[in-house]
Amino acid sequence: MQRIVCPERDDWRDTAEACGFDFHTIDGERYWDERGYYAFTLEEIEREIEGPTGEIDAMCLELVSHAVDDEEYLGRLKIPRAYWPLISESWHRDEASLYGRLDLNFDGSGPAKLLEYNADTPTSIFEAAVFQWTWLEQAIERQIIPNAADQFNSVHERLIEGWKKVGQGRHLHLTGTTENAEDAGTLAYLEDTAAQAGLATTMIDIEEIGWRDEGGFVDLDNRDIELVFKLYPWEWMFRDTFGEKLVGAPTRWIEPPWKAVLSNKGILPLLWEMFPGHPNLLPAFFEDDPRAAELGTSFVRKPLYSREGANVALISDGIAFAAQEGPYGAEGFIRQAFATLRPFSNQYPVLGSWLVDHTPCGLSVREDENPITGNTSRFLPHAIL
Amino acid sequence: MKRSRRVVLTMMGTAAVGAVSMGFVGKRDCGPGLTAVPGPDGKPFCRAVHGGFGGTLHHFHGHAHGGHAHGGG
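Just so you know, the protein sequences line up as chains A and B, in that order. Residues 1 to 385, numbered by our numbering, are exactly what the first sequence covers, in order. Residues 1001 to 1073, numbered by our numbering, are exactly what the second sequence covers, in order.
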C-alpha cells in the first residue's frame, strides 16, 4: 500500500458538476481530492480487504441471528424495547439489505482491522462507484497513472442488480434530508441505479412522509409508500413522532430494521465476545464491563450511537490526546483497542470496504490529518498497481 | 480484473426540486391522522399528517439547512 502524489485533472471540477457531484467541496474545503491516490497490490485487495470484508459481514450476520431474539443482546445495544419485535420480524422475514460499508484500518503491514460497520446509512457511494472510476479512466488516458492500473470497483453494476432483487417490480420511494447537498447527491445516485434496474421512483424529504390512519405511510400525493430507501438512521426513526407507527405498518424499508443491530458500535464488543482473537477484529468491551480494564489506560472510546467521528476520543495513558465534540453518548460507550495508525505523508487513511447484497465489491479511501475520521475528511481515489 | 466495465448515469445532473405552496387553508375537520390542505379547486381536502420523521435530526443538529445536518454517515 502506498500513497502516491499525482497531478490533478485540470477540468475535474467541471467533470464533477456535469454529473451532479456538486458536493466535491464542502464549506470551501476540499472533499474530493485527487492530488494523490492510494495504490494497492492485487494481493492486498483480494487477501487483505475483499476476503476479510466477506468474512466480517458473515460474522455480523451470525451476530444478528443471535441478537434479534435475545433480550440481553438487544438491551446491551440500547435499542428501545418497543422496536424489538419489528427488528426480529424483519430478520425472520429475510427482508433484503441493499448495501453497507465497513470502515477498516489497514496500512499494508498486517491484517485489516474493523473500526466500525456503517450498515444503515453509509454515504460516499457515488464517489466510490462512479467518480473515482471516472478518475481512473481519465487518469490512464492522460498518463497520470500507469496504463495497467485497475481499481477494486464493481459497485455500480452490483447496485443495479441489487435493486432488481430488492425492488421486485415495486414502486420505490427514496427519502432523506434532501436539503443537504451530500445526502441529496447520494440519494440521486441511488435513484439513478434503481431506475436503471427498471424501478419507478419517487424522491421525498424525510419530513414530508405522511401517515394516513387507515393506510399507513404515504407521500405528498397520498400514494402508499410500499418500499422506501431511507438515508436516515433507524435510531432517529425510533425517536421520531412517527416511530410508533413503524410497528405494523406495511412499508418495507431499505435498509431493513434488522440492520439497526449492526449500525451500532455495541457490535464491536459483541463480535469480540463471539469471535475472540479473530485477526480482523480489535479487542473491544462495553465501558461498564469490568473486562474493559484489559485494554489498560490506552484505548479508543466510542459512543454506541455516533456519526462521522462525533464524540470519539483517543485515550493514551488515561489522557484524551484526540477527541471530536458532538451531541452523542447518552446511551453509553464502548472501548476499543488502538489499531496501529501509520500515517502516509502525515495523513491517516481509513478504508471503506463496500458490500452490495453482501458481496464485497468496492473500496473507498478517506484521509485526514486528524486520526479520527470526520465529515470533512477527504476522499482520495485508489488504484491497483 | 477488479474494475467496473461500464458506468452510465441516466438521471443525475438533471434533478429538479419542486416547491409546494400551501396557500390559505379553509377550516375543515379531517379527523385523526389527517390534516386539511388546499385542493386544486381552492377548497380544502383532507390529507395525511406529515412531518412525523426528521425531528431527531433537528434535536441533534439544530435546524441547519443545507449544512452538516444530514442523515447519511
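The hints are simulated quantities; they were obtained by calculation from the structure and are not laboratory data. Heads up, a few of these hints could be off.
[Said to hold, decoys possible] Have a look at the derived ranges for each label pair, beta carbon to beta carbon: (1) B/His1059 <-> A/Pro290: 32 to 40 Å; (2) B/Met1011 <-> A/Thr25: 16 to 24 Å; (3) B/Cys1030 <-> A/Ser65: 25 to 33 Å.
[Said to hold, decoys possible] Covered stretches of chain A, going by a simulated chain B footprint (3 or more residues, C-beta under 8 Å): (4) 87-94; (5) 206-216; (6) 291-300.
The structure displayed is predicted, hence computed values, not measured ones. Glycine included, each C-beta is placed from N, C-alpha and C at the ideal position.
Structure-based check of all given hints:
Range check, B/His1059 to A/Pro290: Cβ separation about 33 Å, and the 32 to 40 Å hint holds. Between B/Met1011 and A/Thr25 the beta carbons are some 23 Å apart, a value that agrees with the proposed interval 16 to 24 Å. For the pair B/Cys1030 and A/Ser65, the beta carbons lie near 44 Å from each other, so the given range of 25 to 33 Å is not met. Counting residues of the segment 87-94 of chain A whose beta carbon lies closer than 8 Å to any beta carbon of chain B gives 0, which falls below the threshold of three, so the coverage claim is violated.
Residues of the segment 206-216 of chain A with a Cβ under 8 Å from some Cβ of chain B number 10, which satisfies the need for three, so the listed coverage holds. Given as covered by chain B, the segment 291-300 of chain A fails the check, having 0 residues with a CB less than 8 Å from a CB of that chain where 3 are the minimum.
Checked against the numbered hints above, the structure breaks hints 3, 4, 6 and satisfies the rest.
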